[in-house]
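Asker: Sequence:
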Amino acid sequence: MTTQIPSAETLESFKNDLDQIRDETMAKVGAEDARYIRKVVRVQRILDIGGRAIMVAGFYHWIWFVVGAVMLGVAKILDNMEIGHNIMHGAYDFMNDPHLNGTTFEWDNVCDGQSWRRTHNFEHHTYTNIIGKDRDFGYDLLRLSDDTPWKPRFKNQFFWYLGLSTFFQWGVAYHELIGERVFFGKKKVDRESVVTKKQLAKDFFSKIRKGVFRDYLFYPGVVALFLGWPMFFGILLANMGANLIRNFWASTIIFCGHFTEDVHTFSEKECENETRGQWYYRQILGSSNLEGSKLLHIMSGHLSRQVEHHLFPDMPSYRYNEVAEKVQEVCRKHNIPYNTGSLWSQYKTVVERVLKYSKPTPEEKAAFKQARA
Numbered sequence: 001m002t003t004q005i006p007s008a009e010t011l012e013s014f015k016n017d018l019d020q021i022r023d024e025t026m027a028k029v030g031a032e033d034a035r036y037i038r039k040v041v042r043v044q045r046i047l048d049i050g051g052r053a054i055m056v057a058g059f060y061h062w063i064w065f066v067v068g069a070v071m072l073g074v075a076k077i078l079d080n081m082e083i084g085h086n087i088m089h090g091a092y093d094f095m096n097d098p099h100l101n102g103t104t105f106e107w108d109n110v111c112d113g114q115s116w117r118r119t120h121n122f123e124h125h126t127y128t129n130i131i132g133k134d135r136d137f138g139y140d141l142l143r144l145s146d147d148t149p150w151k152p153r154f155k156n157q158f159f160w161y162l163g164l165s166t167f168f169q170w171g172v173a174y175h176e177l178i179g180e181r182v183f184f185g186k187k188k189v190d191r192e193s194v195v196t197k198k199q200l201a202k203d204f205f206s207k208i209r210k211g212v213f214r215d216y217l218f219y220p221g222v223v224a225l226f227l228g229w230p231m232f233f234g235i236l237l238a239n240m241g242a243n244l245i246r247n248f249w250a251s252t253i254i255f256c257g258h259f260t261e262d263v264h265t266f267s268e269k270e271c272e273n274e275t276r277g278q279w280y281y282r283q284i285l286g287s288s289n290l291e292g293s294k295l296l297h298i299m300s301g302h303l304s305r306q307v308e309h310h311l312f313p314d315m316p317s318y319r320y321n322e323v324a325e326k327v328q329e330v331c332r333k334h335n336i337p338y339n340t341g342s343l344w345s346q347y348k349t350v351v352e353r354v355l356k357y358s359k360p361t362p363e364e365k366a367a368f369k370q371a372r373a
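With UniProt numbering as the guide, the letters of the sequence shown map in order to residues 1 to 373.
Where hints are given, some of them may not hold.
Once the Cα atoms are required to be at most 20 Å apart in a straight line, the calculated EDC-like pairs of lysine to aspartate or glutamate come out as [unchecked claim]:
| id | residue 1 | residue 2 |
| --- | --- | --- |
| 1 | K269 | D147 |
| 2 | K356 | D140 |
| 3 | K269 | D146 |
| 4 | K197 | E123 |
| 5 | K39 | E106 |
| 6 | K326 | D19 |
| 7 | K356 | D146 |
Okay, the calculated beta carbon distance ranges per label pair [stated by the list, open to error]:
| id | residue 1 | residue 2 | range |
| --- | --- | --- | --- |
| 8 | I46 | R372 | 58 to 64 Å |
| 9 | S342 | F158 | 29 to 35 Å |
| 10 | G292 | R372 | 46 to 52 Å |
| 11 | A53 | K202 | 18 to 24 Å |
Simulated from the structure, these hints should not be mistaken for laboratory data.
Remember, it's a predicted structure, so these values are computed and weren't measured experimentally.
Backbone N, C-alpha and C define an ideal beta-carbon position, used for all residues, glycine too.
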């Protein structure tokens, strides 16, 4: 889906209004935001430590494995979404806290932090929904618009979609390596690399070893030494459950941010020599929001305010609810669409989009049949 760009005058006024919102909000950033993120970090650590500790009670009854897995899963969600994602955008660099530094922070995820900063912070946020430039749109796996030519492999893409949701952290970890064709395939001639294939592979396996060792060997092994080897498998399965909880939730929220029915796509040509106003416009049309409770916003890392996050990616997430109403007002003023809805209504359109583009257009279907004849 593509869209007609408003006049230069409209976009300049639009830019000025959004710049004003950003400037006024960032001027207020300080102690309140620092208190908020430190509180979230404390809660996350309590859930992490508490969840792992409660799993040990599974020695007496299996229900404690479930309780511990849920607590650890929530801890991983907070670590990845409200803490890690926003810290790595530099949203809390103003605190000068080495533990919350955007350039060095590492999260509880098998995706290497530096790889995430390159593919997400730079590539995705710079080239949002530009076909051929933003690899987050479909993750080099899904066809989500007619801009991508149909191939027979897309017939079963709903199952690929379910697999990506299930193993989301692994898909994110492998994301950059797919584009660079580290293990197989031929790299596109126009793709520039800032890291060698050797370094990418090294970082990839290093982070995976740490994550797998911690969740599936170290913690189960320590408990098993004291309570017997049957506990090894109980702790291992509980940790696996926690990772699945995080994977399904994170993928659901992220897919709702860019794969909904009304999200637009863009060509490289129409984004050439893009002004700041045009960039703002593309971010809004390429993103979608979720309406819900305060808990939803926190558990989504405030990616429920995906539009505001894409307009102001280095703004502390605590502020997104505050600016959302102002951004909507600016969009109404300039007659620019603002895509928002409930979690389930938005997710429904994501699934519908995946299914819709798993099928070829009539022209593509005819051409494919002719080629096989």
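Asker: Now tell me if each hint is right for this structure.
Answerer: Do the hints match the structure? See the list:
For the proposed pair K269 and D147, the alpha carbon gap of about 13 Å is at most 20 Å, so the pair holds. Restraint check for K356 and D140: satisfied, since their Cα atoms lie roughly 17 Å apart, inside the 20 Å limit. Between K269 and D146 the alpha-carbon distance is near 16 Å, which keeps this suggested pair within the 20 Å criterion. Restraint check: the Cα-Cα separation between K197 and E123 comes to about 18 Å, which is no more than 20 Å; the hinted pair holds.
This hinted pair checks out: K39 and E106 have alpha carbons roughly 19 Å apart, not beyond 20 Å. Restraint check for K326 and D19: the C-alpha separation of about 12 Å stays at or below 20 Å, so the hint holds. Between the alpha carbons of K356 and D146 the distance comes to roughly 10 Å, so the proposed pair stays at or under 20 Å and holds. The hint said 58 to 64 Å for the Cβ distance between I46 and R372, and at roughly 59 Å that hint holds.
At about 22 Å, the CB distance of S342 to F158 disagrees with the hint of 29 to 35 Å. Look at G292 against R372: about 47 Å separates their beta carbons, and that is inside 46 to 52 Å. A C-beta distance of roughly 34 Å is found between A53 and K202, which places it outside the suggested range of 18 to 24 Å.
Checked against the numbered hints listed earlier, the structure breaks hints 9, 11; every other hint is satisfied.
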